[in-house]
Amino acid sequence: MRTAILHNFLIEATMMASIAIILMMILRKTLRRPLGNNALCFGWGLVAARLLLPISLYNPLIHNIRSPFAVDAAIRPIAGQVLVRTRDAIDGANLLLWRSGSRLGTEVTERLISSIDYGTAGTRLMQLYFIGAALVLGWFIFSNVRFRLKLRAGQIEPISGKLLAQYEALCKERGVKPVPVIFTDPLPSACLVGVLRPYIALPLTASPADAIHVLTHEVCHLKNHDPLWSLLRLACCVVHWFNPLVWIAANMSRTDAELRCDDRVVRPMNMEQKTAYANVLVLAAARRNAPGVAVLATGMTMTGRRLKTRVLTVLKGRQPLRWLSVLFVVLASMCLVGAFATSELPGTVWENNRPEVPARHVTDGIEGKVELLRRDEAEAYAAHLWREVLGGGVSMMSSRLFEGDWFVEGTENGTGRQWYMKLTESGLVVDFGTHYFDEEISDVPVEEYDRYREAAVDAAAFLKQKTDLLTPGMDTVTEGTVLTGIVLSGDVIYFHFNLMPVDKTCDTVSATVRKTPDGAMELVLFVAQGNG
Amino acid sequence: MPIQCTEAEWKIMEVLWDRSPRTIAEITKALEPKTGWSRHVVITLLKRMEEKGTVAVDESGSAKRYTPKVSQQKANTEETGKFLSHVFKGDVSLLINHLVDSDRITADDLQEIIDAMRKAGK
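Going down the list, the protein sequences come from chains A and B.
If you read the first sequence in our numbering, its first letter stands for residue -18, the second for the next number, and so on.
If you read the second sequence in our numbering, its first letter stands for residue 5, the second for the next number, and so on.
For the record, the hints were derived by calculation from the structure and aren't laboratory data.
Just to be clear, a hint being listed does not mean it is correct.
Between beta-carbon pairs, the in silico distance windows are [unchecked claim]:
1) A/PRO35 <-> B/LYS51: 32 to 40 Å
2) B/GLU11 <-> A/ARG129: 20 to 28 Å
3) A/ARG303 <-> B/GLN76: 56 to 64 Å
4) B/ILE47 <-> A/PRO249: 35 to 43 Å
5) A/LEU212 <-> B/ILE47: 34 to 42 Å
6) B/LYS33 <-> A/LEU8: 52 to 60 Å
7) A/ARG287 <-> B/TRP14: 26 to 34 Å
8) A/THR101 <-> B/GLU11: 24 to 32 Å
9) A/ARG133 <-> B/GLN76: 44 to 52 Å
10) A/TRP304 <-> B/GLU11: 22 to 30 Å
Keep in mind the model is a prediction, meaning the values are calculated, not measured.
Beta carbons are placed, not taken as given, at the ideal position from N, Cα and C, and that holds for glycine.
Generate the whole structure from the sequences, applying the supplied hints.
Right, dumping it as structure tokens:
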């Protein structure tokens, strides 16, 4: 899978949903009673939709936030901004560490920057993501299997007699198809277990008087389709395991589902019945054990402040304000649509503006347009360019497709130096260089450039010749070949240049020419930057 | 070996501590007013308790008769210990402080506890 697809979905979904989760937290704190638990649960449903649905709608304004430094057009503007800002932050950290003299820190940050630039960071992150998701999913499966096995071992018998008759009457009254109810011991509190074939596990120690209240609560969970909501919560936690807000939201959503269930239980009750029900809640709290968020089962137990909220809601709860609930549902639904609007309109993506590069056909020396659709084509074209530019062969190649471009690496015959090249599918070279550089380098001060004038002019001419070979469709401004730096390593000289293509194939090209004491020159770096 | 009784099994033990040996029918009848358990429930629980070693069964007569294998005092001590561990992290003084603070223990009771602890310490 292309990492861009995953990056787009995960970054957009997690950012948008995080904002929604924070808003829901504020609403729960301030407007729970007037909004009502039904509306809050609806809100959580919208959050889950944003977290899980890989949908992206067109947004005419989103192009304005596209970063020019996010080279890959496949990465949408929001994800692109995150990636660029992350790289900038690491760059800033690198500078601070370098200034503080921390060699290890500088090395680490430089490796991170390098891995971002050459695409390995994206691949590694994706691998890490899938490992994390697999571990979380494994833990959920293990927890559920363990819980179900424990319950099965504790099963005594299905309810019968008077209690069964009461239960069936209750289901009829509430409009729910009865599911099996099984006495279980030990079981701290009753729970509705399972999604496809649910059943109710009832503690053996529940008194006959309390049992019907407990069953009413579990029947209301059935009516609210809470097993499906549990599954949805688990899915959100697996897909977005790295976001702590999602886990907090899952917990909060579970609480709100319990409160919504209580609302449904007490709706037809008089005050005496409500008090009896509240007593059952308090007694259940004394046991303090309920299935965790990892388990696909409802649990009646809540303790502490949540219990207080629950009991007060049961005894004193007022009807929510209908108009406010409706307004919330409408506004929240509109916000959800907005949260999915992350794609640029067709034609605004800069990739469409890339000019076609008239170049040679890759294989058999046949004239024609370059199209690097397969790995062997990319490697063959790269080998051809290396021969032309370096004058010698490069072999032992490896290549991969990274976000639409081919990244090819090889070893120079004879010298063993490692070279790399990044090519678009149309054969445009956007990056070219070697992993080898001389050590012990020192910058030449600008005031001393005159000493190297003649060598610099030769190097510029050499660069022009090589540029024509690498990018035959690119026409550079001749007087715009700007010398930006000279670096020495013993007797070896490095000339750094910037080129500005007339035809705007890209904004600028950064290039470096290396000259050895015997007068031999070679192009060691060539990077096309910007979108022209 | 620690005693592992569930809350439901504890109810059966209380019936057996009150009077034993008892048959299944007698146990069911004794529990019926409080719990409403059927005979099948009691049979299932007794089977588990037999496997755990908390009750012994005598099959020599026409009906099986059950006796507790653990004394009530020992069971209470263990449960108190578990309670202490769970609620007061094993610290008896915390429990006593709590009982004193909540006026659930008299001065005489407290003196009795201190005397018993001194005796145990000797």
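Tested hints:
no.: 1; hint: A/PRO35 <-> B/LYS51: 32 to 40 Å; verdict: violated, 53 Å
no.: 2; hint: B/GLU11 <-> A/ARG129: 20 to 28 Å; verdict: holds, 21 Å
no.: 3; hint: A/ARG303 <-> B/GLN76: 56 to 64 Å; verdict: holds, 59 Å
no.: 4; hint: B/ILE47 <-> A/PRO249: 35 to 43 Å; verdict: holds, 38 Å
no.: 5; hint: A/LEU212 <-> B/ILE47: 34 to 42 Å; verdict: holds, 37 Å
no.: 6; hint: B/LYS33 <-> A/LEU8: 52 to 60 Å; verdict: holds, 56 Å
no.: 7; hint: A/ARG287 <-> B/TRP14: 26 to 34 Å; verdict: holds, 29 Å
no.: 8; hint: A/THR101 <-> B/GLU11: 24 to 32 Å; verdict: violated, 57 Å
no.: 9; hint: A/ARG133 <-> B/GLN76: 44 to 52 Å; verdict: violated, 32 Å
no.: 10; hint: A/TRP304 <-> B/GLU11: 22 to 30 Å; verdict: violated, 48 Å
Of the numbered hints stated above, those contradicted by the structure are hints 1, 8, 9, 10, listed in ascending order.
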